[in-house]
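With chain G fixed as given, assemble chain H onto it according to the hints.
Protein chains: 2
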Amino acid sequence: MKPRSLALATDLYELTMAAAYFCKDIRSEATFELFVRELPPQRRFLVVAGIEQALEYLAELRFSQEDIDYLQQHPSFRAVPQAFFDYLEGFRFEGEVWAMPEGTVAFANEPLVRVTAPILQAQIVETFLLATINFQTMIASKAARVVAAARGRPVIEFGSRRAHGSEAAMYAARAAYIGGCTGTSNVEAGLRFGIPTFGTIAHSWVMSFDDELTAFKGYMEVFPTTTTLLIDTYDTVAAAKKIVSAGLKPQAVRLDSGDLASLSREVREILDAGGLTATRIFASGDLDEYRIAELLLQGAPVDAFGVGTRLSTSADAPNLGGVYKLVEVAADHERKARVKTSPGKVTLPGRKQVWRVTTPEGVYEGDWIALADEERPTSHAQPLLRLMIKDGHRIEPQQETREIQERALANLAHLPEALRSLEAGPGLPVRATARLLAEQQRIAARCLGR
Amino acid sequence: MKPRSLALATDLYELTMAAAYFCKDIRSEATFELFVRELPPQRRFLVVAGIEQALEYLAELRFSQEDIDYLQQHPSFRAVPQAFFDYLEGFRFEGEVWAMPEGTVAFANEPLVRVTAPILQAQIVETFLLATINFQTMIASKAARVVAAARGRPVIEFGSRRAHGSEAAMYAARAAYIGGCTGTSNVEAGLRFGIPTFGTIAHSWVMSFDDELTAFKGYMEVFPTTTTLLIDTYDTVAAAKKIVSAGLKPQAVRLDSGDLASLSREVREILDAGGLTATRIFASGDLDEYRIAELLLQGAPVDAFGVGTRLSTSADAPNLGGVYKLVEVAADHERKARVKTSPGKVTLPGRKQVWRVTTPEGVYEGDWIALADEERPTSHAQPLLRLMIKDGHRIEPQQETREIQERALANLAHLPEALRSLEAGPGLPVRATARLLAEQQRIAARCLGR
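Protein chains in written order, with this note's numbering: chain G, 5 to 454; chain H, 5 to 454.
The hints are simulated quantities; they were obtained by calculation from the structure and are not laboratory data.
As the structure is a computational prediction, the values presented were derived from the model and not from experiment.
Repeated chains share a single entry, so a pair holds when one copy, or any two copies, can fit it.
Heads up, simulated DSSO-like pairs for lysine-lysine below, C-alpha to C-alpha not over 30 Å straight-line:
id	residue 1	residue 2
1	K28	K253
2	K340	K28
3	K246	K221
Isolated chain G (complex conformation):
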């Protein structure tokens, strides 16, 4: 397929506003911040992901001739002068970007990304940044819960076929790995991000033979040491018995339907009685963190989990409401902080930093949202936003996906116990500094007063 040009992977109004800024000769420097107003009720923290793809997009953003031709013939751009299209030809993002490193644990209202650039440039990147970071952060956050529920047993992301298209499948695999999954079935994610990939066999392999045992034997001849046999195509228990009788020694067997708790027990007994104590039991089939917790509570002897649909679509909270809001406009060396006052959507003004406070025992205690030029709010607080792009160029090297996962796991280990449980409840306390709150009140009063 034709490679995509991402300059048009945006909402039309980003580009009409760009034209309007250009035509009105507005070159102010603007700061936007990306944050999530409210976490879904089933989430107590976020695991930040998607920053790498956002930075890559910002650094490489260009308009192709086809993009420009398309806009020129668009009815909305009929009155826009040629100079704007000439400008697009040479367009590149020249701003500054601060972001939380991927794998950081974050909470509601905290800026995950802060973009400062000429307003036109900072504006048009909104849609792509949101789609990218909302999605991957949602999946990484879901994965962290699923992995926690599995209590040390490997979880493999298996959801490509139900993801929202093939690109979503690949990025879901990446984000799930960041959130703590051991690997994925998605091969493209393996190639692109160096993530371990795993697989078993499909029902179709078994069904393509006249006989189930012949199917099992055939596969193990080709993959003698790495085979996980899928045993539920016809009758799970009968299949386990056949494996033992035939003297096959698969690395694992996979259960994909039926009552997984009782089937896993029956199968474990059959395997053990047959001397196959080293053969692991792999379970899949409509799993998520709740179902895994239930299975383990029932004592199901499952050694690893394949989690598909409900992970790759974050089925219980299938969208994350990240927003990208203007917080400051600077023109003629004067910076003006901005606030939106729509009901329920009041924003915090100005360029900000997020500070994390940890107890002496190493448990996250709470975060502060402060203006970027404020002092460290307490002596031990650590800043979470880092400078990632300066003058349009990336200044932090790209990280290995494995290193990002390590950061996520380290962050998660510092969370208070309650936040890592599956129960609904509040996240970490996040407070705005006194100076930030005073600034918000001052500006909101001015906006509403007009």
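Coordinates of chain H only, in the frame set by chain G:
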């Protein structure tokens, strides 16, 4: 960004099974069918979409050298002989594909796609086909409901920023248009699929000015005839009054927060009293079919709707459980139908056709699933699956997205009234023919008997 090679956009087991088929010298011709076992409780029909991208993928599928190198160094492929990788170098899909044309209304258990090819080829395309068709069909089906709820008022898809990444945003826009939306805000979808694109202004435009009215005027100078002003940044009613007092004549105003029913009435009165009877009211903000129906029931004078997150992620049913199942294997001129007997997942064997029966009044009455070589079940029944790819080549010309939308709208118009309502309930009656059921029983008994 680097163009993707879609050959690896699949689950690892598709490729290990391919290696196993290759190594075991299994060249049987297999038929797989893609169908949805059960519709989500909130859906009474599907609008088929994503077929175009699936056909494009099948016709263009190739392995790059990078793909092959990746597989060769993969731990799972360590024991696989070089001949397999040589085969992948020359790989192309050479099979036959039948599919329902996009825009067709379909129901549970009906094959939407049927693939017949050498089993290796038919197998490895599973993941991509499922991800693509599950996703777009889910969105088109959701869009049809949202559009029905709007009762003739235009619905614009606005959900790119919450879609599952930027590619999902583009295909969600396509599928939403197929399902009946008037257009989208996604510019890439406009370019790629010729879909009308629309936009308003963002809160940031308003906030970038010291004064709301200056922001409105500035934008209208650049876009004098096509402007929709967003009026909820600070105070919706006050903004409407300012527009009237200033003598601005926007094409529309947009409400994006607060109580849309009462605000739309207040704003309508202000506009009408100021002579702006031609200025339309556009509503957005967490809308879906239920919320739109409620607003219209309350008599809200809204002229058009922008529907975002809940449409682009099908939030109330965020995944569609399409599956791709082996139904027949043919080797040495003998065709053997296949059935899977896992609990709750028993399949229908053999190559099939779907037939639709319409009443003399033009209302869809019910569908038949039949073996492909059965006679037309009733004299008026119409077959839904069409031959799309033969010997690996596309034989139907690509359709304009507008034509696909027309088919969907025509199909939807034939649905019984109850199915088009928002209430949960059954879909159209879908029956398997007597011959098909007998075949299923015969094969299932044989499989379980072994």
